[in-house]
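Trainee: Here is what each chain is made of, one letter per residue.
2 protein chains.
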Amino acid sequence: MALINENFLKLKAGYLFPEIGRRVRAYKQQNPDKKVISLGIGDVTQPLAPAVVEAMKAASDEMGKIETFHGYDDGGTGYEFLRKAIQHGDFQSRGVEIGLDEIFVSDGAKCDTGNLQEIFGIDNVIAVTDPVYPVYVDTNVMAGRTGDADEKGRYGKIVYMPCTAENNFTPVLPKEKVDIVYLCFPNNPTGTVATKEDLKKWVDFARETKAIILFDAAYEAFITDASIPHSIYEIEGAKEVAIEFRSYSKTAGFTGVRCAYTVVPKELIGYTKDGKAVDVNPIWNRRQSTKFNGVSYITQRAAAAIYTPQGQKQIKDIIAIYMNNAKTICKELAALGYTVYGGVNAPYIWMKTPKGVSSWEFFDKLLNGVQLVGTPGAGFGASGEGYFRLTAFGKPEDVKEALARFAKLKV
Amino acid sequence: MALINENFLKLKAGYLFPEIGRRVRAYKQQNPDKKVISLGIGDVTQPLAPAVVEAMKAASDEMGKIETFHGYDDGGTGYEFLRKAIQHGDFQSRGVEIGLDEIFVSDGAKCDTGNLQEIFGIDNVIAVTDPVYPVYVDTNVMAGRTGDADEKGRYGKIVYMPCTAENNFTPVLPKEKVDIVYLCFPNNPTGTVATKEDLKKWVDFARETKAIILFDAAYEAFITDASIPHSIYEIEGAKEVAIEFRSYSKTAGFTGVRCAYTVVPKELIGYTKDGKAVDVNPIWNRRQSTKFNGVSYITQRAAAAIYTPQGQKQIKDIIAIYMNNAKTICKELAALGYTVYGGVNAPYIWMKTPKGVSSWEFFDKLLNGVQLVGTPGAGFGASGEGYFRLTAFGKPEDVKEALARFAKLKV
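Read top to bottom, the protein sequences are chains X and E. Here this note's numbering = 1-based position in the first sequence + 273. Here this note's numbering = 1-based position in the second sequence + 273.
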């Protein structure tokens with residue numbers, strides 16, 4: 274008798290974004306004449322940079338000729354041309370040395386942040402911020418690393434670190450014993466960033482407690498403040514305790530192209546139950562070479578094009594469009610009397626819901642009242658209740674229209 | 274203290290193909306003047322079909338324009354245009370009805386066959402053929418569904434079904450209680466196929482015992498015999514008990530493009546420990562929507578192009594090249610006195626090693642003696658010892674040269 278993994282039955286309702294999708298589809302079906310504008314799911318709207326498109330077309334042509342055809346990406350961790358571009362463009366340029374065999378190219382940071390927990394034991398205590406990107410939590414629930422959810426949606430055994438306006442959305446070092454800590458800066462959903470001092474605190478904590486930090490830097494390209502680190506490896510000693518996730522989804526509009534990478538340093542150590550130190554890098558390599566088969570050659574050529582001078586200029590122009598959206602949203606919502614956070618070093622605007630309405634209630638009011646879609650803060654965790662996430666990824670004209678609609682919203 | 278998943282430490286040596294890669298690289302470094310020909314790892318050599326290349330270039334152009342840009346594939350299970358092409362081209366055309374929401378597009382059958390076990394409980398007993406595609410076994414080892422390996426590389430708790438010349442490489446229904454059965458037809462590595470009667474036996478067995486069959490049909494495009502089923506769903510009742518994996522890797526040369534799909538029928542039932550029936554389809558959907566983010570739009574357009582009349586003709590011409598290789602290999606090796614199997618309805622030729630040498634010994638003799646690379650049967654399991662796998666995916670001129678070298682081989 275085939276038994277299902279009953280941990281899946283612990284999961285509360287649907288994954289956040291499909292749930293939003295369902296509500297929006299239902300509204301559109303009932304109101305086919307209304308134009309719904311989404312500042313919600315976090316998908317980008319600007320097309321790919323011309324350098325990226327050209328690289329994909331050239332790579333497609335290569336794949337059509339026997340002399341230049343590419344089959345399996347040997348080892349499945351990424352072509353050397355891309356890993357070299359990453360090594361130089363994302364790390365050496367900021368004074369950080371990362372080895373080519375520490376870089377694992379993949380088809381998305383969602384996959385990587387979701388899959389990485391597999392290489393760790395089931396008995397680890399994980400710590401997450403609250404609110405948090407749901408993938409970190411849900412994948413640990415599926416793996417059986419948590420208890421059941423309580424009425425607020427908090428799972429047993431997970432250590433939640435509340436991040437609210439009261440603590441400037443900055444997680445406090447946990448007092449409990451924790452083994453694996455998920456951090457995301459610039460933060461999704463709050464738009465908060467971490468200074469070097471903030472990150473140093475975490476690196477020191479992990480070194481002292483032999484914990485490992487899973488650092489999600491998917492939004493580093495949106496940092497505007499020169500003093501904010503883009504990589505956790507800018508902090509001394511971080512290679513011993515941190516894995517870093519990067520993505521081209523928001524950096525270069527690759528949500529529909531699928532490319533990302535993860536850095537697992539050779540210095541990183543995990544432990545067996547009886548305390549023996551074990552290198553983590555070869556274990557992740559084994560996981561990837563067994564369960565993954567690399568990223569499309571065409572996609573890897575596209576990603577490499579991002580690092581060319583042309584590519585860099587083009588993606589920066591696109592990011593500037595989004596950051597201008599963020600600025601406009603923050604300014605105009607503040608003028609309407611809303612309390613807003615983020616939006617300066619991040620593409621996310623985290624707002625307080627007005628008059629204390631719940632975040633799903635605000636979602637429904639926005640959708641039904643003025644046909645706007647955002648993301649309910651409660652979807653990111655119990656401490657997200659009373660907040661609402663907007664993203665800066667809309668088309669500028671839609672953002673303008675959305676703000677005009679906000680002005681008309683009656684709560 | 275971060276604990277690693279100690280199940281990874283149970284894994285024997287490296288994953289087969291990286292290990293072969295390491296030996297070949299070492300040989301080439303020491304013998305830079307020698308031309309090594311590979312009939313080994315199973316990568317294809319013919320370029321992509323022109324219809325596929327054109328589709329990718331057109332899709333790349335779409336991604337470069339704001340009006341036709343595509344972001345996230347909503348839901349991550351594949352664009353409807355591709356799922357409709359699959360529904361019609363792979364199933365309705367053979368008299369099988371599969372719903373669109375039963376098709377999950379992915380980036381590879383290796384990923385799917387590796388990830389699927391996650392949705393099943395840790396206490397299931399799995400059954401595999403021996404020899405077997407190593408991914409089925411290794412991913413269950415990683416998940417903790419097995420004991421340690423014995424001296425032959427067989428893991429505790431797994432039920433192995435030996436497939437050797439003595440039983441025509443046809444697995445016998447296990448006498449032990451098993452919950453999940455992996456089957457692959459046309460078989461990798463033996464090249465064996467299953468008749469309708471063979472598959473019916475398995476479907477009946479699964480229905481009686483409430484087991485689930487994971488059916489890998491990655492090589493169905495190589496079936497030449499009209500009486501052999503391409504899908505397990507051609508067998509009545511299979512939808513209640515079987516998941517099917519398909520891939521474009523060998524069908525259309527997508528090893529470097531990455532696209533596949535999995536069918537999880539709505540009728541398929543798993544069980545909780547206390548015997549409650551649970552639908553499997555929504556659980557896989559939840560797994561995919563949480564840990565995966567869909568396949569590149571460009572790649573999905575490429576896959577859809579395979580189903581056009583042009584695309585069909587072009588990929589059939591490519592498959593004919595490979596099947597002609599297979600025929601030549603079988604014929605000439607037989608003429609040299611080797612005993613060969615497969616190669617008729619499959620791109621794999623499974624040969625007995627001569628004079629009882631071990632399969633890794635034969636690997637080294639072929640590499641060092643005549644600079645040929647194949648795959649040692651023992652890499653696929655204990656019952657693969659004494660066998661050796663060749664693939665038909667080489668360039669015809671390389672296959673010719675490889676056979677000339679075989680004639681010179683002294684064992």
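Think of the hints as simulated: they come from the structure by calculation, not from any bench. Predicted model only: the values in this text are computed from it and were never measured. Check before you lean on any hint, since a few could be wrong.
Which copy? The list can't say, so a pair holds if one copy fits it or any two copies do.
Straight-line distance between alpha carbons at most 20 Å, and here's what the computed SDA-like set of lysine to any residue pairs gives [what the hints assert, rightly or not]:
id : residue 1 : residue 2
1  : K546      : A416
2  : K604      : E481
3  : K604      : D306
4  : K474      : K586
5  : K673      : I496
6  : K448      : P555
7  : K425      : G659
8  : K469      : N554
9  : K546      : T419
10 : K673      : E509
11 : K600      : D637
12 : K357      : V398
13 : K546      : G417
14 : K549      : Q365
15 : K283      : G548
16 : K285      : T341
17 : K285      : R559
18 : K338      : P320
19 : K283      : D396
20 : K668      : N278
21 : K628      : G429
Trainee: Indicate, hint by hint, whether the structure satisfies it.
Mentor: Outcome of the hint check:
For a Cα distance limit of 20 Å, the shortest separation of K546 from A416 qualifies both inside one copy, at 18 Å, and across copies, at 17 Å. In this assembly of identical chains, K604 and E481 lie within 20 Å of each other by CA distance neither inside one copy nor across copies; the values are 42 Å within and 66 Å between. Proximity of K604 and D306 under a CA criterion of 20 Å is satisfied in neither setting, with 30 Å inside one chain copy and 67 Å between copies. Neither within a single protomer nor between protomers do K474 and K586 lie at most 20 Å apart by alpha-carbon distance, with minima of 34 Å and 62 Å respectively.
With identical chains, the CA atoms of K673 and I496 are never at most 20 Å apart, being 23 Å at best within one copy and 57 Å at best between copies. Taking identical chains as interchangeable, the C-alpha atoms of K448 and P555 are never at most 20 Å apart, the minima being 31 Å within one chain and 38 Å between chains. Only within a single protomer do K425 and G659 lie at most 20 Å apart by alpha-carbon distance; the minimum there is 13 Å, versus 59 Å between protomers. In this assembly of identical chains, the alpha carbons of K469 and N554 never lie at most 20 Å apart, being 25 Å within a copy and 45 Å across copies at closest.
For a Cα distance limit of 20 Å, the shortest separation of K546 from T419 qualifies both inside one copy, at 19 Å, and across copies, at 18 Å. In this homomeric assembly, K673 and E509 never come within 20 Å of each other (Cα to Cα): the closest approach is 43 Å inside a single copy and 57 Å across copies. In this homomeric assembly, K600 and D637 never come within 20 Å of each other (Cα to Cα): the closest approach is 25 Å inside a single copy and 64 Å across copies. For a Cα distance limit of 20 Å, the shortest separation of K357 from V398 qualifies neither inside one copy, at 35 Å, nor across copies, at 44 Å.
Taking the shortest alpha-carbon separations for K546 and G417, both the intra-copy value of 18 Å and the inter-copy value of 15 Å come in at or below 20 Å. Taking CA atoms no more than 20 Å apart as the test, K549 paired with Q365 passes in neither setting, with 33 Å inside one copy and 55 Å between copies. With identical chains, the CA atoms of K283 and G548 are at most 20 Å apart between copies only, with a shortest distance of 17 Å across copies and 31 Å within one. Taking CA atoms no more than 20 Å apart as the test, K285 paired with T341 passes in neither setting, with 49 Å inside one copy and 35 Å between copies.
For the homomeric pair K285 and R559, the shortest alpha-carbon distance between copies (11 Å) is at most 20 Å, but the shortest distance inside one copy (32 Å) is not. When the C-alpha separation of K338 and P320 is checked against a cutoff of 20 Å, the pair qualifies only between copies, where the shortest distance is 5 Å, while the shortest distance within a copy is 28 Å. Proximity of K283 and D396 under a CA criterion of 20 Å is satisfied in both settings, with 17 Å inside one chain copy and 18 Å between copies. Within a single copy, K668 and N278 get their C-alpha atoms no closer than 42 Å, and across copies no closer than 44 Å, so neither meets the 20 Å cut-off.
For the homomeric pair K628 and G429, neither the shortest alpha-carbon distance inside one copy (31 Å) nor that between copies (61 Å) is at most 20 Å.
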